[in-house]
Structure formats: C-alpha cells, structure tokens
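Protein chains in written order, with this note's numbering: chain X, 1 to 355; chain D, 1 to 248.
Careful, some of the hints might be misleading.
27 Å max Cα-Cα, derived DSS-like pairs, lysine-lysine [stated by the list, open to error]:
#, chain 1, residue 1, chain 2, residue 2
1, D, Lys138, D, Lys32
2, D, Lys115, D, Lys160
3, X, Lys256, D, Lys138
4, D, Lys32, X, Lys256
Calculated directly from the structure, the hints in this document are not laboratory data. The structure presented is a predicted model; accordingly, all values stated were derived computationally and were not measured.
Each chain, letter by letter, is given below.
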Amino acid sequence: MAKTYHRPTLLDHVRTRYFATRLDTAMSVLFGAITLWILWSLLNWAVLDAVFSAADKELCGHDAGACWSVIDARWRLILFGLYPFEEQWRSAIACAAIVLVTALSCVPWFWNARRLPVLWLTGFAVFYVLMAGGYFGLKEIPPQSWGGLSLTIFVFAAVAIIGMPLSIVFALLRRSELPWIARTMGLVIDTIRSLPLLSIMFTFAIVLPFVLPGWLIGDKLYRVIVGYALFFACYQAEIIRGGIQALPAGQEEAAKALGMSYWHRISYIVLPQAFRNALPPTINQFVITFKETSLVVIIGFFDVMASGNAAFGTAEWSFAHIEVYSFVALIFFVFVFALSRYGAYLERRLAVASR
Amino acid sequence: MPATDTAVRIADMDKYYGSFHALKNINLDIRKGEKIVVCGPSGSGKSTLIRCINKLEDYHAGSINVLGTELDDNLDHIDEIRRETGMVFQHFNLFPHMTILENCTLAPILVRKQKREEAEAVAMEYLHKVKIPEQADKFPGQLSGGQQQRVAIARALCMKPEIMLFDEPTSALDPEMISEVLDVMVSLAEDGMTMVCVTHEMGFARQVADRVIFMADGEIVEQGTPEQFFDNPQNERTRTFLSQVLGH
Ligand SMILES: Nc1ncnc2c1ncn2[C@@H]1O[C@H](COP(=O)(O)OP(=O)(O)OP(=O)(O)O)[C@@H](O)[C@H]1O
Ligand SMILES: [Mg+2]
Numbered sequence: 001m002a003k004t005y006h007r008p009t010l011l012d013h014v015r016t017r018y019f020a021t022r023l024d025t026a027m028s029v030l031f032g033a034i035t036l037w038i039l040w041s042l043l044n045w046a047v048l049d050a051v052f053s054a055a056d057k058e059l060c061g062h063d064a065g066a067c068w069s070v071i072d073a074r075w076r077l078i079l080f081g082l083y084p085f086e087e088q089w090r091s092a093i094a095c096a097a098i099v100l101v102t103a104l105s106c107v108p109w110f111w112n113a114r115r116l117p118v119l120w121l122t123g124f125a126v127f128y129v130l131m132a133g134g135y136f137g138l139k140e141i142p143p144q145s146w147g148g149l150s151l152t153i154f155v156f157a158a159v160a161i162i163g164m165p166l167s168i169v170f171a172l173l174r175r176s177e178l179p180w181i182a183r184t185m186g187l188v189i190d191t192i193r194s195l196p197l198l199s200i201m202f203t204f205a206i207v208l209p210f211v212l213p214g215w216l217i218g219d220k221l222y223r224v225i226v227g228y229a230l231f232f233a234c235y236q237a238e239i240i241r242g243g244i245q246a247l248p249a250g251q252e253e254a255a256k257a258l259g260m261s262y263w264h265r266i267s268y269i270v271l272p273q274a275f276r277n278a279l280p281p282t283i284n285q286f287v288i289t290f291k292e293t294s295l296v297v298i299i300g301f302f303d304v305m306a307s308g309n310a311a312f313g314t315a316e317w318s319f320a321h322i323e324v325y326s327f328v329a330l331i332f333f334v335f336v337f338a339l340s341r342y343g344a345y346l347e348r349r350l351a352v353a354s355r
Numbered sequence: 001m002p003a004t005d006t007a008v009r010i011a012d013m014d015k016y017y018g019s020f021h022a023l024k025n026i027n028l029d030i031r032k033g034e035k036i037v038v039c040g041p042s043g044s045g046k047s048t049l050i051r052c053i054n055k056l057e058d059y060h061a062g063s064i065n066v067l068g069t070e071l072d073d074n075l076d077h078i079d080e081i082r083r084e085t086g087m088v089f090q091h092f093n094l095f096p097h098m099t100i101l102e103n104c105t106l107a108p109i110l111v112r113k114q115k116r117e118e119a120e121a122v123a124m125e126y127l128h129k130v131k132i133p134e135q136a137d138k139f140p141g142q143l144s145g146g147q148q149q150r151v152a153i154a155r156a157l158c159m160k161p162e163i164m165l166f167d168e169p170t171s172a173l174d175p176e177m178i179s180e181v182l183d184v185m186v187s188l189a190e191d192g193m194t195m196v197c198v199t200h201e202m203g204f205a206r207q208v209a210d211r212v213i214f215m216a217d218g219e220i221v222e223q224g225t226p227e228q229f230f231d232n233p234q235n236e237r238t239r240t241f242l243s244q245v246l247g248h
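Chain X extracted, bound-state conformation:
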C-alpha cells in the first residue's frame, strides 16, 4: 500500500508535542492548570475586581482587586513630575515630539547620513524649547523642575544624540593608523568602561564643578547627561569597532583602489556596513541606556521612577505602591518592547537588502 503524506494539523502538533507519553500528558495538564490559574488571578486583580476611577477610591480594598484610582489621581505627577501644573501640556507635546521623531526614524526615507541627524536635532530642539521655555512667550522653566517621564525621555534622547556621534569618533580614533592615537583612545575607552555608571554620574554632577572654570560648569542635569553620554559612547564605540572588524579587508581595499578618500570610504563603505553588523548589540545598548536613566534619581533628579515613588508617598495613597510600580513598569515595557521590535524589523529589512 502506498503511504500518503498528511500535512500535520494543529491537533497532531499538540498531540505529538504535549501528549506523547503519559508523563508528558501529566506535565502538560499540571503546568497548563498553573498557567491558567495565574492568568486568571492576574485578570481578576487587574481588571475584574479592580477599581479604576479616583472618585471611587472608597471602594478600594474591599475586593482583592487593584486600586487604579491612584493612577487616575496621580498620573500627571508620574508623567510630568514637578513641572508646573498649568504648563504640563508643553511637557506632553515635547514627549510626543520625541516619540514622533523615533517613529519617523523607522521610515527608510530618513536612513541617510544627513536626514537622520537633522530629524533628531529638530525633534530635540522642539522638545527643548517646549520644556525650557523662555522663547515665544513660553514661561521659562529650569531643568530642576522637570520630572517624570519627560525627564527620562529628555535624558535618554540627549545621551543618544551626543553619544552616538561621539562613539563613531571614538571607534575611528581607536582604529587610527597612528599607534599613539589608537592606544590613547583604547586606554580612555577601557578606563571609562571599567567604572560604574553611577560613579561617573556622581563625578560629573558633584565633583566636576570644583575643577571646571565657572563658565563651563552649566546645569547639573547637563553635566550628568555629558557624563552619561561619554559612558554610552565608550560602550557603543566598541560595538561599532566590532562591526568594522567584521568587514572583510577587501571592502576598504576596493574603495581605495577606486580612488575614494578616507572620509568617503568611512561614510559610504565602512560605517554603513559596520552598523548593519552591529545592529543587534546597538539596539541592546539603547535599551540598557533607556532603563538606566533611572540612576539620575540618585543625583537628585525626579525621573519617572522617582515621581512614581512620590505618587504613593502621601498617606492617602501609601497602600497603592504595587499599582504605581505596575504602571511605571508598563511605561518602561512599552518603550523597551517597541525598541526591540523595531530592532528586529530593521534586522530583517537589512538582511533582505544585503542578501
């Protein structure tokens, strides 16, 4: 009798994967039940038994559900920190501008050494003018009063904008044909990478003002950002250098043989390919950088984490820390998840282009 091939159905798949032996069946049933139970409890807590509006605060605690009233009542504090209440629309638009710029960077039309920097600098300028004010009749608001999510986004975007070009310069210097330049750069990079980020932030925020001339000191926030950007650049420089080293030597030779100058070779042949090679670790670096912005709390800034703490800091809401932390975690998750999905998309796209 001739055997005919059946395409396995979903049912076949489930049977062979999860119910092949008696032990498999027992395990599948047990862990399936536990998973269902956890999901059900979560759903109960977060949605079914939860209280959502601030007005219903009295209902909190009667059922075992979450008390989202605290978010309803305090979301402005979490998102905008101590930014003056009646000016918070500016903070909201500013954040939206950065999110928009991030979204636009996903459009291939912008992927070019001129358009991408222009896009980011424009977005950042809009963000800054809105946040700081002092122009166009906007009330001036110093960085000390910035806070919440908008501060986190500000620190992240500023670090990326300063750190990225810096990292390219570092990587190129470290590959310099002059040994003393290459070695000095290597020493600087390795030194900074061996220091904890926290100590670098402290140094820039607290120690530097004693050493720098007055006109160079600037606001504490900017010093922290510069320190963070330096730290970012050292890690990112090594990532880019790895991407460059993965290129076959023939690429630069072919460009040389065509008469292309150093800068043309770097900007048209070496860096575009190095970035492709280095894309996964670069996205990873951005994710880490976004999460670690929370460290600015320690220097006395009021990022989204700190304003979350403040949100349940009053006696009235002190019971609701789980809800607040869940909310803050959700914010981080949305950003980080979007970033890593975008990275995966880029990788797929570039793989098609170079196949």
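Starting from the structure of chain X, add chain D with the ligands where the hints point.
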C-alpha cells in the same frame, strides 16, 4: 622622466613584510596599451607586486612611476594614480549593501564628481559591455560568482582608468564561469587597454599577452613573449612551473 608612452615604470624596487623580503630589486617597464600576464608559484609575490602599483601596499626602496606621476608618500599623487588605475580582485569585493548600479556609480560620483544621471548612463554602458545590464538593480549577493566578477570589472571601468590591474580574477570561480570573465577581459584587451593580469590561465596568456612575466621568491626570474615563454623557456624554475600548470 619616463617616455610618454610608458604606463608604469618600476625601478630597483624592494618590499618587505617586517623582516621578510617579499620583492627583490624589481625592474619593470610597461608600455601604454601593453598586456602583461604575471605568473609564478604561490607566495612568489605576484599580488604584492601589482598591489604596489596602486599603493595598496607600501614599498621600501626604489621608485614607481605611474603615467608620469611619482608614487611616493604625497597623498595627491596616490589619489591621482588610483583614479587612473582600476583593480579587479580575486574575491570581487563588491559593496554588498549597494545595488549593482550603485556599486558602479559611487566612485565616479564621489571621486570624478560626475552627475548622477551621467554616471548612471556610463555605468549602464559598461554593464552592457560585460553583458549583465538586466542585473543593475539587484544586490551583489543575488548574483553568481562570474556575474559578480563581471560587475567588478564594469565598476573599475566606470572610472575610465588608463590601466587595469587584475589579481587572479578567475581563481575563485567555478570552472563553468571562468570563460565568461575571460571573454570580457579579452574584449577589453582588444579595445587597447593597458592590462597587468596575475593569472594562471595560460590559454588567456597565449591569446592576449604581449609579455609574460614569471616570478619566484620575490624576483622576476624570466620574461618574454608568450611564444618564447611557453615554447622555449630559459630558466629551470620556469620549466618546472610550466610543467605543473600545463599538466605535462
Ligand atoms: N600582509 C602580509 N604580511 C606578511 N607577509 C605577507 C603579507 N602578504 C603577503 N605576505 C607574504 O609575502 C609573500 C608574497 O605574497 P603574495 O600574496 O604576493 O604572493 P602571490 O604570489 O600572490 O601568491 P598566491 O598565488 O598564493 O596569491 C608570501 O610569502 C606571503 O606569505
Ligand atoms: Mg596572490
């Protein structure tokens, strides 16, 4: 000053890799329009020699003059010479992140300052010449080895060089693709291009070369017309080498 019909003049040239003496007292004049085939056993310095002509490798003594320009440490001289010499590599070295057309137009636009339309027209002309105009919008990774090498030749030609250097252009190719690349090189020779080819394709050498140069241990051991070289080799090492590559 070399005569005006001299394309390349190499005089008393030495090259070291560290303490290893890779090229020993090389003297070589190449006339404009001349086709030279360089052969010799592996490690004899053939690649090193032609890579010195466009300064992909430094040399340490003697002099090299290309089209009247002295090849020294002056960056302008190096740029000038690289603009006028095209090179084709064993492993093609196409830019994988650019389409075939972009591979061909990049250097003319950046280095020769051509307009994009003009550069594209020239590129299509040369892609026709190497018989793959229909591949212009593909990426190198989508082409066969033979096609990639033909693109590499077209890319070099788009710079309108006076001299073409080939470093074993067919030795990374599957046998059935070798002839399509050699055909392009033959037609280039017929157009009067000055060519220096490192190759073990002895049929090509017989058909096209004006002069065959045999190298061993960093020295030019013997040179002559293909007839002299193949039918009446003088040096013992040449005879040994020929019996190996020709298989008798
Ligand atoms: N970058 C380098 N550093 C040190 N030694 C090198 C380097 N490149 C080549 N050599 C040495 O110089 C000698 C000549 O090398 P070259 O590549 O010119 O030989 P070739 O004649 O082209 O050989 P093949 O037929 O294998 O390509 C070899 O002994 C090689 O080991
Ligand atoms: Mg070689």
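A quick look at each hint next to the structure:
1. D:Lys138 x D:Lys32: Between Lys138 of chain D and Lys32 of chain D the Cα gap is close to 35 Å, so the pair fails against 27 Å, i.e. violated.
2. D:Lys115 x D:Lys160: Holds. Lys115 of chain D to Lys160 of chain D sits at ~15 Å (cutoff 27 Å).
3. X:Lys256 x D:Lys138: Between Lys256 of chain X and Lys138 of chain D the Cα gap is close to 23 Å, so the pair holds against 27 Å.
4. D:Lys32 x X:Lys256: holds (23 Å)
The structure shown violates just one earlier hint, number 1.
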